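Novice: Sequence:
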Amino acid sequence: MKIMTGPTLLMVTLERNDFWRHNRNVPHSLISHVLSLVLAVKQINENPNILPNLSLGFNIYDTYLSARMAHQNTLKLLSTENTIVPNYNCDRPSNMKAVIGGHNAEISLHMATLLGIYKLPQVQQLSDVKMILPSFYRMIPNEANQYTGIVQLLLHFQWIWIGVIVSDDDKGEQFLQQLLPMLSQQGICTPVIKKTVTLSDVLKSSESLEILRALAISLADSTVNVFVVNAEVQTISCLKWLIYLCKALEDIPQTSISKVWVFTAHWDFSAETFHRDFDINVFHGSLSLAIHSVEVLGFRESLQHLHPNFPKGDGFLRIFWEQAFNCLFSDSYEGIENARACTGQEKLENLPATVFEMRMTGQSYSIYNAVHAIAYALHKLFSSTVKGNRVGLDPSDLQHWQVLFHIWTVLLPWTPRDQQFLTKFPLRKISLILHSHIDTFHLPVLPIALCNDKCNPGYRRKKKEGELFCCYDCVSCPDGKISDQKDMDSCFQCQEHKFPNRNRDQCFLKVITFFSFTEPLGITLIFVVLFFALITILVLGIFIKNQDTPIVKANNWYLTYCLLCSLLFCFLCSLLFFSQPHTVTCYLQQVAFGIIFAVAVSCILAKTITVVLAFMATKPGSRMSNWVGKRLTTFIMFGCSFIQAIICTIWLSTAPPFPHFDMHSLPEEIILECNAGSTTLFYCVLGYLGLLAIVSFSVAFLARKLPDAFNEAKFITFSMLVFCSVWLSFVPSYVSTKGKYMVAVEIFSILASSAGLLTCIFFPKCYIIVLRPELNNRGQLIRRK
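Note that UniProt numbering has the sequence shown beginning at 1, numbered continuously upward.
FYI, nobody ran anything at the bench for these hints, they're computed from the structure. Since the model is a prediction, treat every value here as computed from it, not as a measurement. It is possible that part of the hints are untrue.
[What the hints assert, rightly or not] Pairs of lysine-lysine residues, derived as DSBU-like cross-links and limited to a Cα-Cα distance of at most 30 Å, are as follows:
#	residue 1	residue 2
1	K240	K119
2	K42	K76
3	K119	K76
4	K738	K481
5	K481	K498
6	K486	K463
7	K76	K195
8	K481	K464
9	K462	K481
10	K486	K498
11	K545	K714
12	K347	K240
13	K481	K553
14	K714	K553
Let's have the full structure, built from the sequences with the hints guiding it.
Specialist: Structure representation (structure tokens):
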């Protein structure tokens with residue numbers, strides 16, 4: 001069919017599988033494509049600023065979606081009008097300067113192979129051609145950009161368990177090779193991949209029909225709810241018949257085929273001629289990518305004024321009118337009885353959008369842009385200057401390569417919103433429209449496209465053996481870790497100052513704690529401290545009051561007073577542990593404890609040595625009497641204490657204790673404690689106390705059988721046994737205890753050891769002084785052996 005409006009400067013191929021004249025089945029979107037072409041040519045011819053003194057014309061050819069027919073029509077363009085002889089063209093003007101092709105890759109490449117020989121520009125609607133020829137220009141985005149949009153759409157709705165439907169040919173295989181790796185990289189699984197058969201194959205053999213039936217059953221029974229469809233014409237046709245077949249088969253439930261279909265931008269929905277009788281509900285819930293388009297001024301008006309009985313009307317327009325409005329003209333070839341008569345007054349805007357769209361579709365918009373691209377390339381060519389002079393060219397003398405050169409750099413200026421260079425590189429413009437409301441998809445709920453339910457917070461995913469990576473089990477997070485979102489691959493630890501809750505899905509702030517006198521254990525221990533301090537003062541008072549009695553004199557009153565005072569300070573120094581740790585209190589806690597206890601144990605050691613020397617001095621001819629006296633006891637007491645003071649000085653000057661936040665010992669608490677600084681020096685202090693205690697115990701144990709009149713070694717032996725037992729048990733208890741109760745263990749050890757010394761050494765003497773005063777005389781002490 002030929003439509004002429006002026007010199008034929010371009011040829012347009014429309015790739016449809018219906019022949020307008022013979023088949024009388026006109027695709028509805030064809031009207032949109034032709035009118036977009038006509039509107040573009042009209043606007044250019046009416047604009048004196050683009051091609052003055054020139055007008056565009058066009059020829060339209062149908063390829064029938066046949067590569068063979070496209071090849072033949074291309075040869076016709078390059079030959080004599082009635083005879084196909086390439087390079088022989090003598091009976092018609094050679095005014096054709098460009099070709100606008102369709103969007104079928106195979107057909108376009110056949111055309112480009114021939115047209116490229118003559119450097120005839122070919123502007124295409126297709127998007128998926130890998131091979132770029134010198135004369136080949138793409139008008140719509142590269143198909144690879146659609147894959148990114150599809151992946152983003154799937155991730156937006158969290159659909160990661162999907163199926164893919166493609167045609168069973170090289171194009172379908174190419175689609176899979178490009179899309180599947182992208183899906184896998186984004187964590188999307190494709191357990192179902194189906195390849196459709198063509199309807200011509202189904203009609204040829206019963207085996208293909210059985211394949212179609214098996215495919216329908218597999219789609220209906222599949223657990224996959226979302227399918228990505230490479231929306232080629234053959235694929236869509238097969239898919240529609242699959243859905244009809246699913247509804248027709250008795251062994252498939254009616255609701256089982258309810259799926260969400262994600263289409264690529266190939267499909268022009270209104271291109272199908274039988275949508276009037278087609279149950280469109282099967283595609284409710286579908287999403288489709290679309291080629292970018294804008295509202296072109298004058299296009300809607302041209303549709304509104306379209307009439308099938310125009311003097312220059314075309315036959316296929318009347319056929320389309322009958323099909324679109326389901327009516328017949330009086331001179332129609334169809335012999336349908338009782339059919340409604342067409343009046344020609346029907347309005348296209350009253351047709352459903354599924355039958356005919358009043359807006360310019362993406363395919364039509366690409367044709368509209370292609371015409372303008374060629375026109376502006378010609379405008380640039382005719383407006384070019386050489387050394388300041390305009391070059392005057394006759395259209396008949398215009399060479400193809402000249403148009404080819406200018407199309408390469410032409411700028412499309414007609415819509416500022418869409419300004420872009422028409423280059424040989426793929427244009428990155430594709431529209432992806434997302435409607436977040438579920439009602440948009442006509443589904444009661446948003447479909448789930450997962451292998452299994454998502455893991456709740458507090459759990460992590462664990463891959464199932466032998467399954468796709470989207471299939472997993474949910475396992476609880478280990479102790480100390482959480483997951484605060486659904487479907488997490490791994491759990492993570494809370495920050496140091498936080499701890500996980502029982503459900504392991506949140507982190508709470510830890511509570512700062514320290515050993516305080518306000519809590520029950522602290523109150524109890526303070527009461528014990530004050531009690532033993534008062535007892536110590538009471539004992540000291542008893543000894544001072546009875547200092548002239550024989551039993552007090554016999555026990556070296558000087559050392560006794562020193563020991564009682566040091567025990568009093570031992571009880572009171574434990575009060576330093578009942579407060580919030582500060583730098584000063586941390587210094588005093590360990591130093592005061594170490595030195596005061598060293599003084600106490602040194603006093604006991606001096607008393608023990610004094611007892612031994614006093615007994616030895618009573619033997620005839622012994623010179624030990626020279627050693628018995630205050631000087632020796634003072635030297636022992638201060639000398640042993642001075643060594644402990646040196647150790648504590650070294651400790652404070654090198655690695656002193658300091659306030660410390662312990663974040664890790666307890667899961668829900670931050671412990672504010674005094675860090676020992678140098679653990680080695682801390683245990684040196686304890687070790688030195690243990691050495692003094694062991695020496696005292698050893699000396700007292702050896703002197704335990706001395707006469708009672710001069711001997712308190714038995715009491716010292718027992719007191720040192722208690723003291724050593726307390727501090728030997730302190731070390732494992734202190735190491736195994738966590739938190740503020742470490743402080744409680746140390747306080748308890750201080751109180752227990754001090755109370756043991758006080759009780760074992762002084763209570764027997766207080767018993768005699770207070771309750772048995774008759775025994776507190778020199779005669780009784782001498783008689784006791």
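Novice: With reference to the structure, classify each hint as holding or not holding.
Specialist: Evaluated hints:
{"no.": "1", "hint": "K240 x K119", "result": "violated, 41 Å"}
{"no.": "2", "hint": "K42 x K76", "result": "holds, 26 Å"}
{"no.": "3", "hint": "K119 x K76", "result": "holds, 16 Å"}
{"no.": "4", "hint": "K738 x K481", "result": "holds, 21 Å"}
{"no.": "5", "hint": "K481 x K498", "result": "holds, 11 Å"}
{"no.": "6", "hint": "K486 x K463", "result": "holds, 15 Å"}
{"no.": "7", "hint": "K76 x K195", "result": "violated, 36 Å"}
{"no.": "8", "hint": "K481 x K464", "result": "holds, 22 Å"}
{"no.": "9", "hint": "K462 x K481", "result": "holds, 16 Å"}
{"no.": "10", "hint": "K486 x K498", "result": "holds, 21 Å"}
{"no.": "11", "hint": "K545 x K714", "result": "holds, 25 Å"}
{"no.": "12", "hint": "K347 x K240", "result": "holds, 29 Å"}
{"no.": "13", "hint": "K481 x K553", "result": "violated, 68 Å"}
{"no.": "14", "hint": "K714 x K553", "result": "holds, 18 Å"}
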